[in-house]
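A.B. asks: Chains A and B, in that order, give the protein sequences.
Numbers 1 to 624, taken from this note's numbering, label the letters of the first sequence in order.
Numbers 1 to 304, taken from this note's numbering, label the letters of the second sequence in order.
No lab work stands behind these hints, which were simulated from the structure alone.
C-beta: ideal position from N, C-alpha, C; glycine also.
One thing to keep in mind: the hints can contain errors.
As the list claims (entries may be wrong) - Sample of chain A residues with no beta-carbon within 10 Å of chain B, all distances over it, derived:
(1) Arg207
(2) Val297
(3) Ala544
To be verified - One side only, chain B facing chain A, incomplete, derived with CB under 7 Å:
(4) Thr69
(5) Gly90
(6) Thr115
(7) Ile139
(8) Ala143
(9) Leu144
(10) Pro151
(11) Asp168
(12) Gly208
(13) Pro252
(14) Trp256
(15) Leu263
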Amino acid sequence: MLRALKRGRRMRRRGLVAGVALAGLALLVAACGPVSAGTADSVGTTPVSGGVATYATEPGLNVSYIFPFETGSNFNVSNTNEFQYLLYRPLYWFGEGTEPYLDPALSLASPPVYNGQQVTISLKNYRWSNGQPVTAQDVMFWINMQIADGNNDWGGQVAGDFPFDITDAHAVGSTEVTMTVTKAYSQDWFTDNELSQITPMPAAWDRTAAGASSCDTTPADCTAVYNYLASTAGSMSAWAKSPIWSIVDGPWRVQRTTSAGWVYLTYNNRYSGPAAAHHISEFVIVPFTTEEAEFNVLQDPQGNSRIDVGYLPTVDAPVPAPGSTNGGNPVTLGDYKLSVVYPWELSYAVYNYTDSTAGPIFRQLYFRQAFQSLVDQEGIIDGPMHGYGKPVIGPVASYPVTKYLSPQVEAAGDQWELNLSNAKSLLTAHGWSVVPNGVDTCVNAGTGPTQCGAGIKAGTALNLSMIYAAGVDYMYSATKELVSNASLVGIKITATEQPFDTVVGTVFGCTSACSTWQLAEWGSWTYSPDYLPTGEELFEPSSADDVGFYTNAHNDTLIGKTLDARSTAAFDSAMYAWQNYLANQLPVIYEPNAATLIESVNNLHIGVQAPTLNINPEDWYYLK
Amino acid sequence: MSAFLARRVLQAVAVVLLVTLIVFGLLRLGPGSDRAQLVGTGAAHSAFLLQYLSWLGQVLHGNLGFSTTPAEPVTTLLANALPRTLVLTGLSTLIALLVAIPAGIVQAVRRSTATDHAIRTLTYIWYGMPSFVLGYVLILIFALHLHWFGPEGPQDSGIGGVLTDWQDLTLPVLTLSLATIAIFARYMRSAAADSLDEEYVEAARARGAGERRVLLRHVLRNSLVPVVTLLGLSIPQILGGALIVESLFNFPGMGWQIWQAALNHNLPVVLGFTLVIGVGAAIGSLLADIGYALLDPRVRYQRA
């Protein structure tokens, strides 16, 4: 899942103009005296049941779609993680404490059993709110829909992957699904990246306007069913009373919605999953236009629209003390406590390896090493990220710390820290005439070890273009700094800020070799609903998400070994070997991962927030 | 008067048709899916005029297309956003008028006095401050410091709820009003000052009319002409919403919806909303002309 939308929540609409305006207001604010921190509620220690928790979504991202089988345009954190998963549980739940692992306790099925190329899924005893059990047929309903419509309408679809890597899937009775995979894949990979996509759908949804259908047994029927369901999924006002959408197997159901975009969820008393002894009874999802608007409301807890859980813009967060991961709250948020969550993601900018001019340059490892040396990850973290960031050091996120990260890569850390002289040396050593504050040119064309490299003609200038998503403060600052650093070694970058959708549209619009862009950055890639960072989605040329068309046969071989590993030890070994190799190949430009800063009122217990960004308000409770 | 009215109505109809033609032309340049959605796949390849008539027929039946995100008919989004915007911008315009008209007259009557200078200075400050700065100042002082009002707009979905939530409605309305007051007051002052120098005012005074009667019966009516014109011209803004204020106060209306739609390449919404605003502008212009004619009979005789 592209995560720039998530980033957008924090920074998207905080432009420089607003920043200047705020700075200009400093005197006025000072004249008014310090803003009151408000009176913090006295916080007890006794959990109580009931109560309402108001949850502010990512600014600009409203809950707008209820059908969990959704296209990319609706496939975002607000719709999926913060809404649909509360109503309709995915087959397998990911996010266990601070780690992005499978949580069997919250999954609808027991962990899959693998036997050769046979996979067996055994359902637990979950029930829909209409009293019907969650059955194997409900799982087949999803699988068949993905077979019929996955390539067109499922935002999590990876070409050639599930369900096109199975040859057979069928229900055995009402509680078991068996499938045969095309080859013996890694079990971890198949569970975490393939089965993780499934959300069982109730039989009541298997219909069209004309009446009942049979998508659960006949994939050919699924397109009509999909079209029917999709046609009603965006009508918020109809959700609460819809005979389709009111059937849930999760702990929440829609009580009502408002034209202002508020979504009121009430606890599903028929929820058959693990129920907490104490929990809130109502969960209200509230949209916000901008970070500023949300931050203003957070600072006014006595107002009409109190937020119980919301987001703190990074630029408003006090910088943590050295050695600390949490800098605490601004003084104006005395009623809240701050949780710092590092989403399970990878941030990077992309090279277009197929650009007719820049492509041959980007294909040179020495150039990528030089270019990475111009990125000041620590500076971005300490500066615009206010300390809430972690450097990206390879193709797997280094934080949250997981078993997936290669110990060797972790130990090596950021090997390409800001080093202008290194960049200059690398370019000079490979046939470039380096002209600081000018434009470098290739003066020694050829493929030798001291020459510019294959496809680069003599006289070629290091004159590059870059597009990046607008509205993200630290992305803006980081790009400006990159442009400045590059100019110091004679690489001229013309960076253009564009709306997120324009950047993504341009980059993903190239389905084959193209020269419409050279460098691009939109934010990050979140590992969801493919939770295992095995790299086939981002760094294999067969994937639609390898948007820069990075091609490396050895990389492909190493990824293949990972996906084919049949034991945990073999998997870990293969995955580490792949990372150890690819980390220094720098297939993309590593940029730091940013934290999500969550504010919650002091008397509301929300537990630990998962890096998968899945939330569990059914476990939240007030203290008195 | 009837001939004048007929002429203006016909002109307004022509403008509305031109607006629909422009909007349709833009829509036709958009992605094929948007085009086919509005004019139908069968008509997608037919002649421009036939496509236009087909689309116009659907528009007249209330079909402005379907939004991609959120997946709702454009008319549904319009039905949600337009009333909220009308409350915000309409109320702020009304308040601006109620303040600016007397203020302008007072300035004109007390020309070049301390009162005139004080009002002018104050309104210039309001006018000169961008709405996001003014809004922030008001939020910081009145919401976060004094806790008199809320820092965001009303969140109730019904118009009644929005109107009665005065605590949350005050600051966004005030932000828009303050800037508008300056504009209206300036026009009002200028027009009233001119009227006060007219011979008919002297004549009224000579006939023994009291100052109050002179101002209300003679000066006010004649000074309202430019304000009415200005009001008519502001109809598109009233319908189009106030993006900055809507976003600052978390009060999504027309402006915010169009902005989001533009960012997301949601062409049906952009064009549907543009159509409504364009039609509103034409109607606003017509109403301004009618008001102008009512206030100044010379206009209808000259133009008819």
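A.B. asks: All hints are to be evaluated individually against the structure, with a verdict given for each.
C.D. replies: Do the hints match the structure? See the list:
| no. | hint | result |
| --- | --- | --- |
| 1 | Arg207 | holds, 19 Å |
| 2 | Val297 | violated, 5 Å |
| 3 | Ala544 | holds, 19 Å |
| 4 | Thr69 | holds, 5 Å |
| 5 | Gly90 | violated, 18 Å |
| 6 | Thr115 | violated, 26 Å |
| 7 | Ile139 | holds, 6 Å |
| 8 | Ala143 | holds, 6 Å |
| 9 | Leu144 | holds, 5 Å |
| 10 | Pro151 | holds, 4 Å |
| 11 | Asp168 | holds, 6 Å |
| 12 | Gly208 | violated, 51 Å |
| 13 | Pro252 | holds, 6 Å |
| 14 | Trp256 | holds, 6 Å |
| 15 | Leu263 | holds, 5 Å |
Hint compliance for this structure: hints 2, 5, 6 and 12 are not met, and every other hint is.
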